[in-house]
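Protein chains: 2
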Amino acid sequence: MGSQLGEQTIGFTKPPIIVGYGNVVGPKEGEGLLKQYFDQILEDSLWGEETWEKAESKILKTAIQLAIDNAKITKQDIRYLFAGDLLNQLTASTFAIRDMNRAFFGLYGACSTMGESLILASMAVEAGYANYALAATSSHFCGAEKQFRFPLELGNQRPLTATWTVTGSGAVVLGQTGTGPRVTHVTPGKIIDLGIKDEMNMGAAMAPAAADTIITHFKDTGRTATDYDLIATGDLGSVGKVLIQDLVQKEGYDLSRNYTDCGVEIFDHKKQDTHAGGSGCGCSAVTLTGYILKEMAKGTFNRILFVPTGALLSPISNFQGETIPGIAHAVAIENGQGLGKKG
Amino acid sequence: MGSQLGEQTIGFTKPPIIVGYGNVVGPKEGEGLLKQYFDQILEDSLWGEETWEKAESKILKTAIQLAIDNAKITKQDIRYLFAGDLLNQLTASTFAIRDMNRAFFGLYGACSTMGESLILASMAVEAGYANYALAATSSHFCGAEKQFRFPLELGNQRPLTATWTVTGSGAVVLGQTGTGPRVTHVTPGKIIDLGIKDEMNMGAAMAPAAADTIITHFKDTGRTATDYDLIATGDLGSVGKVLIQDLVQKEGYDLSRNYTDCGVEIFDHKKQDTHAGGSGCGCSAVTLTGYILKEMAKGTFNRILFVPTGALLSPISNFQGETIPGIAHAVAIENGQGLGKKG
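Top to bottom, those sequences are chains A and G.
So the first sequence is numbered by numbering that gives the first Met the number 0: it starts at 0 and just counts up by one.
So the second sequence is numbered by numbering that gives the first Met the number 0: it starts at 0 and just counts up by one.
Heads up, some of the hints might be wrong.
What follows is a list of derived Cβ distance ranges for each label pair [unchecked claim]:
hint, chain 1, residue 1, chain 2, residue 2, range
1, G, Arg148, A, Thr73, 37 to 43 Å
2, G, Gln39, A, Thr223, 30 to 36 Å
3, G, Leu159, A, Asn100, 31 to 37 Å
4, G, Lys74, A, Ala296, 41 to 47 Å
5, G, Gly320, A, Pro158, 52 to 58 Å
6, G, Gln248, A, Pro158, 57 to 63 Å
7, G, Arg256, A, Asp197, 57 to 63 Å
8, A, Asn100, G, Thr12, 38 to 44 Å
9, G, Lys196, A, Asn100, 34 to 40 Å
10, G, Gly5, A, Glu30, 46 to 52 Å
11, G, Gly194, A, Ile40, 30 to 36 Å
12, A, Glu30, G, Thr12, 48 to 54 Å
13, G, Asp68, A, Glu6, 20 to 26 Å
14, A, Gln271, G, Leu151, 55 to 61 Å
These aren't lab readings, by the way, just hints derived from the structure by calculation.
Just so you know, even glycine gets a beta-carbon here, dropped at the ideal spot from N, CA and C.
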């Protein structure tokens, strides 16, 4: 059984195995820098549905099925589902999962939710509470803009610090047995709020939380950045990516060699006009289940630290003058063969 | 270590102990049928804050502190916090927990969230991932009406099937060691949707999910209603309370003797004009941490099944013509001395 390491980390003694994964992305993501890694690319964001919300549910449902198929198991083998999204009351997840007839834990960690779902699914599997558990998240650009910012029809200009919500979903099946990379350590994050109020600069709001979680992970495990082939935050974007490196540097850790951000990787920012980068629950989920796990399968990376990042604001909290708290959860995934080709 | 029982249940081998609990309620709840059981009753629903949302955060923060004090531990002893509420993006929880400096898992299961948080906190403690974990939820009548129904200022009439969102919060500390009742079994629920569309009759939408979870709990554990002194659903209200008994009866189980609903218990419905009963995440949380656990401490009940119920709709899903999916999670709590005085 796993053991408590330091302040927040769990080190798994019987690491849960990532036995399957899948993803679906929208058309813009399918034209981005990671297009070769996605399982299914949609031709349009509505995907035959009447509303963006229903399209997001269909995207999440399909990603879950792809992950189950990839794991070569059946839906009935999954004991517990851990999922969440950005829509109010998690309706993308709820309506995606409604017909699955499986026990469900709804999660909300803003864009950090893929980390939260992976941690809880890993805990359930290692502890023996489930032979298989599934972790998934989704987001949709149009639904997120409508809910959090402005209706698309207004054609509002976006500041260069703003990120672009990814349309897509990623799902991961964790098992006690099987083949695949293993989740060896998890570091659930604390809420950190350094007083940022600009909801168009969420990278700056989330960077301190990501830095805190990564530093805590290093202290709890005795590891440093050189122990990983890749450290990937979720959606800090180009602004937050610079900030976090400074914050971590102050504690004596160097992220200059092998650190990136899923939001920076996913789009071709100059060509695609996505400003500071991709964001949303779907951003880290499709980058993990696309680029990262597929390059791990090739041995390019053998040991990675995945750190999805969330901004815990609401439109109401913002209107009421509140600052933007951030959170980030870290998940260490290893092939078990030492560092990889890029290590 | 706990074992998988049947389709959905976990039976704990080292049952986590409820070492502390606390609650805070609003003025209306403090005039209700359970008033003698609450730790702190507010004189007004704003509690000196500028907004209902900020008042709800303060209520949740205070309930958490009361639970920690009651457990005779410190905030630093809590390794993981599991919490959620009804506000969009869980801002009641986020802003309550922001300064606590503890790792946080944000949960959303509508009014079932107290069950979800108790299950996940129990799993973390039994598996050894945390010596202490905390489970909490909150709701606020004014904030919920504004977000889900109509602004209070409109003075809309409410149908008799509608419930009244409880203003309050309950928190529970679970520990590996200590004294108190123990969480022996948990049955996380599936999403059940039988096609109810009336958001003013959520008891009817949730009753099938509660029935499904209770029946599954009985089948998985080999228990029946007679094995419990009390079975309490979360907030089905007077309408759902009748429906669930019929649904469970069809599977051969009898809830007529020892079943109630927290939403039916909390208010004096005729005097307080609360129609079908209390509801909200806070309803089941304050009834558990008030009435149920305090009567367990007296030995009135020695073995109870707590089944918070959630309606997974959103105002958007409702406008888009969707039906209302329900979910319910069951948590068995025992003093370990056989059935109680009412058993």
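The hints, checked one at a time:
no.	hint	result
1	Arg148/G with Thr73/A: 37 to 43 Å	41 Å, holds
2	Gln39/G with Thr223/A: 30 to 36 Å	47 Å, violated
3	Leu159/G with Asn100/A: 31 to 37 Å	33 Å, holds
4	Lys74/G with Ala296/A: 41 to 47 Å	43 Å, holds
5	Gly320/G with Pro158/A: 52 to 58 Å	36 Å, violated
6	Gln248/G with Pro158/A: 57 to 63 Å	60 Å, holds
7	Arg256/G with Asp197/A: 57 to 63 Å	58 Å, holds
8	Asn100/A with Thr12/G: 38 to 44 Å	28 Å, violated
9	Lys196/G with Asn100/A: 34 to 40 Å	21 Å, violated
10	Gly5/G with Glu30/A: 46 to 52 Å	47 Å, holds
11	Gly194/G with Ile40/A: 30 to 36 Å	34 Å, holds
12	Glu30/A with Thr12/G: 48 to 54 Å	52 Å, holds
13	Asp68/G with Glu6/A: 20 to 26 Å	22 Å, holds
14	Gln271/A with Leu151/G: 55 to 61 Å	45 Å, violated
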